[in-house]
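Colleague: Residue-level listing of the chains:
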Amino acid sequence: MEEKTKKRKKWGGVAMRKKAVLLSCILILLLPLAGCVGKKEISDLAIVMAVGIDEGKEAGSVKVSVQVARPADARGQTGAPAGQSGEAIWNVEAEGESIFEAIRKLSSISTRRIFWAHNFIIVINEQVAKEGIGGIIDFFSRNQELRMRTKVVITPDSASEIVSTATGLEIIPGEAMDKLFRYSAISSVSAQSDMMELLAAYLSPSSEPLLARVILQKMKVDSEKAEAGASLKQIELAGAGVFKDDKLVGILKPEEMRGVIAFRDKLDSGALIATCPSNPNKNTTVELDAPSFRVEPTYHNQEIRFKATLDVDVSVVEAGCSFAINNKEQVKTLQNSVEDTLRKQIMTTVNKVQKDYQADVFELGKVFQNKYPYEWKKYKNNWSEIFSTTNIDVVVHSEVVSGELLFKPTESGKKEKSKE
Amino acid sequence: MKVQITNGMFMALIINMLYAKSIGLTQGVIAREVGGDMWLSTIFASMQGLVVMALVVIVIKRMPEGDLIDQFHQIFGKWIGKGAAFLVFIFFIGAYGSIMATFVYHLKDYFLPEAPLVLFIAGAFLIGAYALFFGIEVVARMALIGIFSIIGLNILLMIGSLGKFDIRELLPTFQSGVVKTVWASRHHNTDWAMATMMAAIILPIVKEKKTWIKSGTAGICYSAIIIIMWPILETGVLSPEVAAQYIISCMQMARSAEIGLFIHRYEMIMIALFALSILTQIMMTFLCSSIAMQKMLGLKDYRPAIIPSGLILSGFSYWMVKNHHRAMHIIEGIWVPVSLGIAVGLPALLLISGFFFKKKLKMKKNNANVQG
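Chains A and B, in that order, give the protein sequences.
Our numbering numbers the first residue of the first sequence as 1 and each following residue consecutively.
Our numbering numbers the first residue of the second sequence as 1001 and each following residue consecutively.
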């Protein structure tokens, strides 16, 4: 009996020891799971809102400017200096032989860790863009912190200045620029270009990148020096840059953007100035609604052609002359004028992109490839040359559907009285 | 009482076993080979997976009390049975390597780049081993919940990406040629192989034997429906070139998806919602490799084999995943013939040998029934 108890005690002791060893192992292994590895405290972060890339002073070097938000001073609608510094942003720049090196240098002067996850915009100086942005695309698409929907723009001005310029009603310039783009579809003066689209166009075997362009313009009136007129610089959307591979080869003006947006994105409503139906010396402003744009490729006798058709509804928003929507003749004349103006606008862009830049920012290679996959194989290797000589026809159909609130023309009542 | 899982749990395990790796890592590999035809390759692979799953069920159904290894043991004897167990163990070592590549490259590369690799390997080991001590039923129940999170993730991604969807990217079809597109499906076949090999091990504990084939093939069909959304969206939203550019293409989708202005950057949502799938993969690989080791060593229970087999799996995955190039080289190269050779070869061999050893099988089955 005693022996049995002894045995039981002995074996019970072994089992206990085993359990203790197992428990210790589990506890030791649990230590690395404490959840503190890689932690990022918000108070330790320098949250980048915008980044600018310029040429450095030394040949081949790059200057990186970052705009960091100072959350304590960026609170509320006015950016009142709650953090006591009075500045909602902290702008800082550094130079290096590569973007990475410049950012490393920034880290050495920043009291917080540079954090890219909330960056709104990347501004690239046109001089840098002319030399090639392959490295920039690579750096930002490799970076796990950056959003792929971060806007990418070019500028003829200093990117550093753009990044530090407070514009519009926002306190943080990066946020202001992001909002500027949010509504650019309405004004159709620039392109919607983000990192994902840039990367996709750069990697594409046929399409070329198109980046929005911003400039600094004296447009803001200083309330203390109102008599001087617009004296403060603001950021303005100003067309787009056309790239071939990774190099900037040309600029499209704001008025040329409709032609390119129609091919690339979904056309939104926009304004157009057409000749007045009853007085050719005056203008009528119309709003283009519900635009529908389609491109149809044809291939016949080894000749590639594209037929682009634009259907659009027209509303008269400002008549510079007498215009009544029930006047069929006037409506017809206005429709012809709108169609003619739109066609000319689009063709100007098409010719410029085809002949001057030879860069398929219209994504026509993709359109042709979709319909003629086997024929495409023959042309894909020298598509940019073929694209520049391809025939692109543009047909515009418009229909005047509304005179907004008015039915009768806005004319002086005295005229009618004199007629009577 | 013998542990059993329902047919629904079995289906859930199949879907979870496939999902995490198939939607990102595999799609990137396929995109590098066939570009915009990646979704077609995925469909072809699903059809092949369906056939292999049916094959596995037919084979196991002949002697439903034993798994694939037991059948080898019964037909060819003890040592061939041990050889089959060894091959199954090798299969799950490789499978675990590819699963850990998915797990680590999602978490470490996108969220915790400074965290040491050993943290992820040890974390997976601990969770996998801990769950298995409680048995497959716990894992299967978790897999059921995993289905809801998978569906939730699919819906969120679809809503956040459709706005940027360009159907032109999906056209023209078979741009790389039919043969090349079908050939590229082998990469996704390695994912199906994980599900069919898992089925080959756990089918004997699935309750309704009569509906095994229905559950197995339905599991594959549902998985295919859930997974196919990803290559279609990755092609239409990212473009095939961008999908091919990245190791984990689904994370790029998550990075660029947005609902309205305030919900964007789905990476964290994605990780949260596909966590159950990847954990199921880890646990089931641990379970299957432990069973293989148990049968190799002639143990009565698989539990004593969990830690040694888990350590071997973790050691291999650490070595493999530490170097991105090595991991991708293995996943895109050697893993394909090894995985498919074992996953198709073993059940096919059993099927063929079953015709020759029909009498022996019948006798063993009768003996088992008498003993039962």
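For the record, the hints were derived by calculation from the structure and aren't laboratory data.
Keep in mind that a hint or two might mislead.
To be verified - Now the in silico label distances, taken between C-beta atoms and shown as ranges:
#	chain 1	residue 1	chain 2	residue 2	range
1	A	221	B	1324	43 to 49 Å
2	B	1127	A	112	30 to 36 Å
3	B	1311	A	131	34 to 40 Å
4	A	61	B	1086	29 to 35 Å
5	A	112	B	1171	46 to 52 Å
6	B	1272	A	380	53 to 59 Å
7	A	244	B	1272	39 to 45 Å
8	B	1086	A	37	45 to 51 Å
9	B	1086	A	384	54 to 60 Å
10	B	1337	A	37	34 to 40 Å
11	B	1137	A	36	32 to 38 Å
12	A	283	B	1225	31 to 37 Å
13	A	402	B	1324	31 to 37 Å
Think of the CB as a built atom: it goes at the ideal place given N, C-alpha and C, for glycine as much as any other residue.
Colleague: Which hint numbers does the structure go against, in order from smallest to largest?
Modeller: 1, 3, 4, 6, 8, 12, 13
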